[in-house]
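Asker: Start from the sequences, fold in the hints, and give me the full structure.
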Amino acid sequence: DGILHCSVVKGFFCTETFMQFIRWLFLLEYKCHLISNYILDNMQPFPASNSIIVMDNCRIHKHNNIQELIESR
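If you use my numbering, the sequence shown corresponds to residues 151 to 223, in order.
Hints are supplied without guarantee of correctness; some may be wrong.
In the SDA-like style, the derived pairs of lysine to any residue whose C-alpha atoms are separated by at most 20 Å in a straight line are [as the list claims (entries may be wrong)]: (1) 160 - 206; (2) 160 - 205; (3) 160 - 193; (4) 160 - 171; (5) 212 - 169; (6) 160 - 211; (7) 160 - 202; (8) 160 - 209; (9) 212 - 162; (10) 212 - 167; (11) 212 - 173; (12) 212 - 157; (13) 212 - 202; (14) 160 - 170; (15) 212 - 168; (16) 212 - 164; (17) 160 - 197; (18) 160 - 210; (19) 212 - 165; (20) 212 - 156; (21) 212 - 172.
Hint data in this document are derived by calculation from the structure and do not stem from the laboratory. All values derive from a computational prediction rather than experimental measurement.
Answerer: Right, dumping it as structure tokens:
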């Protein structure tokens with residue numbers, strides 16, 4: 151139980167940077183071969199542990215593509 155992953159960057163996140171971070175979490179690729187599906191391997195259906203992705207009220211978290219990207223997994 152606890153935090154599966156977080157990211158700290160020098161400077162700021164924009165929407166595109168945040169979407170790249172989410173894509174990286176869901177699907178890591180190396181030389182066109184799937185090597186990890188980190189978040190999905192560790193996420194569980196609600197209300198089990200590791201079943202919630204937490205985002206604050208930051209503007210980049212509200213982009214329409216963010217929810218679509220997460221729900222598509």
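Asker: Check each numbered hint against the structure and report the violated ones by number, ascending.
Answerer: Hint check: 3, 7, 17 fail, others pass.
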